[in-house]
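Peer 1: Quick note on numbering: this note's numbering labels position 242 of the sequence shown as 258, and the sequence is numbered without any gaps.
Hints are computed from structural coordinates only; laboratory data are not their basis.
Careful, some of the hints might be misleading.
Restricting the straight-line Cα-Cα distance to at most 30 Å, the calculated cross-link-like pairs of lysine-lysine (DSBU-like) are [as the list claims (entries may be wrong)]: (1) Lys282 - Lys185; (2) Lys91 - Lys372; (3) Lys244 - Lys301; (4) Lys211 - Lys261; (5) Lys165 - Lys205; (6) Lys211 - Lys263; (7) Lys294 - Lys282; (8) Lys240 - Lys372; (9) Lys205 - Lys135; (10) Lys165 - Lys135; (11) Lys301 - Lys318; (12) Lys164 - Lys301; (13) Lys318 - Lys263; (14) Lys188 - Lys161; (15) Lys318 - Lys244; (16) Lys167 - Lys372; (17) Lys188 - Lys164; (18) Lys167 - Lys91; (19) Lys301 - Lys263; (20) Lys301 - Lys282; (21) Lys164 - Lys372; (22) Lys185 - Lys164; (23) Lys294 - Lys185; (24) Lys318 - Lys188; (25) Lys244 - Lys185; (26) Lys185 - Lys165.
Each pair of labels, with its calculated beta carbon distance range [unchecked claim]: (27) Lys318 - Ala78: 48 to 56 Å; (28) Gln298 - Glu402: 45 to 53 Å; (29) Lys294 - Arg106: 39 to 47 Å; (30) Phe407 - Pro253: 38 to 46 Å; (31) Gly110 - Lys318: 47 to 55 Å; (32) Arg238 - Lys205: 20 to 28 Å; (33) Phe212 - Asp319: 25 to 33 Å; (34) Ile291 - Ser376: 24 to 32 Å; (35) Ala192 - Gln298: 12 to 20 Å; (36) Thr100 - Pro325: 45 to 53 Å; (37) Asp262 - Pro325: 21 to 29 Å; (38) Phe407 - Gln213: 27 to 35 Å.
Please read all numbers here as calculations on a predicted model, not as lab measurements.
Positions of the beta carbon are idealized from the N, C-alpha and C atoms, including for glycine.
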Amino acid sequence: MSQLRATKSGLVVSAVICIFIFLYLRNPTPAEPEEEPVHSEVVECGFYPDELCSALFEGKGAAPQIAKFCKTPHKSEIHAHLHTPGNCSRISWGLHFITRPLSTEEGDFSLAYIITIHKELAMFVQLLRAIYVPQNVYCIHVDEKTPKKYKTAVQTLVNCFENVFISSKREKMAYAGFTRLQADINCMKELVHSKFQWNYVINLCGQDFPIKTNREIVHYIRSKWNDKNITPGAIQPPHTNNRLKDKPPHNLTIYFGSAYYGLTRKFVEFILTDIRAKDMLQWSKDIRSPEQHYWATLNQLKDAPGATPDAGWEGNVRAIKWKSEEGNVHDGCKGRYVRDIYLPRLVQSSSLSAYKFEPSTDPLVATCLERRHRLQVLRQAEVPIEPHWRFQQQSHFNMRLNS
17 MSQLRATKSG LVVSAVICIF IFLYLRNPTP AEPEEEPVHS EVVECGFYPD ELCSALFEGK
77 GAAPQIAKFC KTPHKSEIHA HLHTPGNCSR ISWGLHFITR PLSTEEGDFS LAYIITIHKE
137 LAMFVQLLRA IYVPQNVYCI HVDEKTPKKY KTAVQTLVNC FENVFISSKR EKMAYAGFTR
197 LQADINCMKE LVHSKFQWNY VINLCGQDFP IKTNREIVHY IRSKWNDKNI TPGAIQPPHT
257 NNRLKDKPPH NLTIYFGSAY YGLTRKFVEF ILTDIRAKDM LQWSKDIRSP EQHYWATLNQ
317 LKDAPGATPD AGWEGNVRAI KWKSEEGNVH DGCKGRYVRD IYLPRLVQSS SLSAYKFEPS
377 TDPLVATCLE RRHRLQVLRQ AEVPIEPHWR FQQQSHFNMR LNS
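Please model the complete structure; the sequences and the hints are all you need to start from.
Peer 2: Below is the structure:
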């Protein structure tokens, strides 16, 4: 009997806490004084993610504090599927992968993705299932230094999809080193020789997450960049000249730009065969962050397929709102930063994906982005929705995120 009373007391306390959180988050956040730290045990927040997600995207002050003490809702589910023997149907259905083209426009235009990964297995799965559709093709580069258990889990997932493969040549990745560029080249070589016909290639890291749906990405490329490359950049600024050696090959003018791109298939075939591109690759082996020069520089060549020499920084495929910009461009931000990036501004960006999430320190952020993204994907679908495409409803709250 005493055990029953204790159980009832525990339920009452839990209910009071949940009601308090609900009411606190619904009220507008006043001007924020110096906040005292919240001390609590790490808890499972799967019962109310939607309300926390709404608060995160509205920039309410309490949500980031509460989120710090939440376990990643999808993490245990993802690991269970990848570390437990089972068939591919169970993995595909259990992890909510989209299994057919969702519109005619998407079905007629295939994308290739290059994804480099080295940690955060659950985050990689969330990224892959967000961008996965059966008409696309995906090359995964796994850092050679990752543990065997990690590689095995990735292989288990990849084996379930004909259009997903692991790069056969793995690099030992080093920050700002040449291997980052070489990993992309390795994947490109395999992509052009794969049986899949694709139109554009986009590269991501395993901790990125899409802001736009596949349909929106396809429409953006076809309407604005049709047969053109997206390599945001400009002539090498003077303060970064110490990165470079003298005399680039073929008297190339070196540009500085993003490591992330959208490239036409013809351009990829060009850089794998053109002597200038090959010599530029060799020249890049001992400079810092060569991927920030390689794509932008070669896209300036007038005879390169899809070259956009006058595009400048237009078409950035990654959204970044740095904390250091606070007060300069958008009159400041209040709310949650992830690696100094502001979430409410992030989801309003016109860029294709967001950089760069750490589920171990920001457990709900990727989950909230993922739930928002999947709602958008299913709203845009022109085909009947399969039940397993929907995420399990974990809350009685309605998702109130901006569409």
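Peer 1: Please go over all the hints and tell whether each is borne out by the structure.
Peer 2: Quick rundown of the hints versus the structure:
{"no.": "1", "hint": "Lys282 - Lys185", "result": "holds, 23 Å"}
{"no.": "2", "hint": "Lys91 - Lys372", "result": "holds, 18 Å"}
{"no.": "3", "hint": "Lys244 - Lys301", "result": "holds, 27 Å"}
{"no.": "4", "hint": "Lys211 - Lys261", "result": "violated, 39 Å"}
{"no.": "5", "hint": "Lys165 - Lys205", "result": "holds, 27 Å"}
{"no.": "6", "hint": "Lys211 - Lys263", "result": "violated, 39 Å"}
{"no.": "7", "hint": "Lys294 - Lys282", "result": "holds, 16 Å"}
{"no.": "8", "hint": "Lys240 - Lys372", "result": "holds, 26 Å"}
{"no.": "9", "hint": "Lys205 - Lys135", "result": "holds, 24 Å"}
{"no.": "10", "hint": "Lys165 - Lys135", "result": "holds, 11 Å"}
{"no.": "11", "hint": "Lys301 - Lys318", "result": "holds, 24 Å"}
{"no.": "12", "hint": "Lys164 - Lys301", "result": "holds, 28 Å"}
{"no.": "13", "hint": "Lys318 - Lys263", "result": "holds, 20 Å"}
{"no.": "14", "hint": "Lys188 - Lys161", "result": "holds, 6 Å"}
{"no.": "15", "hint": "Lys318 - Lys244", "result": "holds, 12 Å"}
{"no.": "16", "hint": "Lys167 - Lys372", "result": "holds, 21 Å"}
{"no.": "17", "hint": "Lys188 - Lys164", "result": "holds, 14 Å"}
{"no.": "18", "hint": "Lys167 - Lys91", "result": "holds, 17 Å"}
{"no.": "19", "hint": "Lys301 - Lys263", "result": "holds, 14 Å"}
{"no.": "20", "hint": "Lys301 - Lys282", "result": "holds, 24 Å"}
{"no.": "21", "hint": "Lys164 - Lys372", "result": "holds, 24 Å"}
{"no.": "22", "hint": "Lys185 - Lys164", "result": "holds, 16 Å"}
{"no.": "23", "hint": "Lys294 - Lys185", "result": "holds, 18 Å"}
{"no.": "24", "hint": "Lys318 - Lys188", "result": "violated, 34 Å"}
{"no.": "25", "hint": "Lys244 - Lys185", "result": "holds, 29 Å"}
{"no.": "26", "hint": "Lys185 - Lys165", "result": "holds, 18 Å"}
{"no.": "27", "hint": "Lys318 - Ala78: 48 to 56 Å", "result": "holds, 55 Å"}
{"no.": "28", "hint": "Gln298 - Glu402: 45 to 53 Å", "result": "holds, 48 Å"}
{"no.": "29", "hint": "Lys294 - Arg106: 39 to 47 Å", "result": "holds, 45 Å"}
{"no.": "30", "hint": "Phe407 - Pro253: 38 to 46 Å", "result": "holds, 44 Å"}
{"no.": "31", "hint": "Gly110 - Lys318: 47 to 55 Å", "result": "holds, 50 Å"}
{"no.": "32", "hint": "Arg238 - Lys205: 20 to 28 Å", "result": "holds, 26 Å"}
{"no.": "33", "hint": "Phe212 - Asp319: 25 to 33 Å", "result": "holds, 27 Å"}
{"no.": "34", "hint": "Ile291 - Ser376: 24 to 32 Å", "result": "violated, 45 Å"}
{"no.": "35", "hint": "Ala192 - Gln298: 12 to 20 Å", "result": "holds, 18 Å"}
{"no.": "36", "hint": "Thr100 - Pro325: 45 to 53 Å", "result": "holds, 52 Å"}
{"no.": "37", "hint": "Asp262 - Pro325: 21 to 29 Å", "result": "holds, 24 Å"}
{"no.": "38", "hint": "Phe407 - Gln213: 27 to 35 Å", "result": "holds, 31 Å"}
When each numbered hint is compared with the structure, violations occur for hints 4, 6, 24 and 34.
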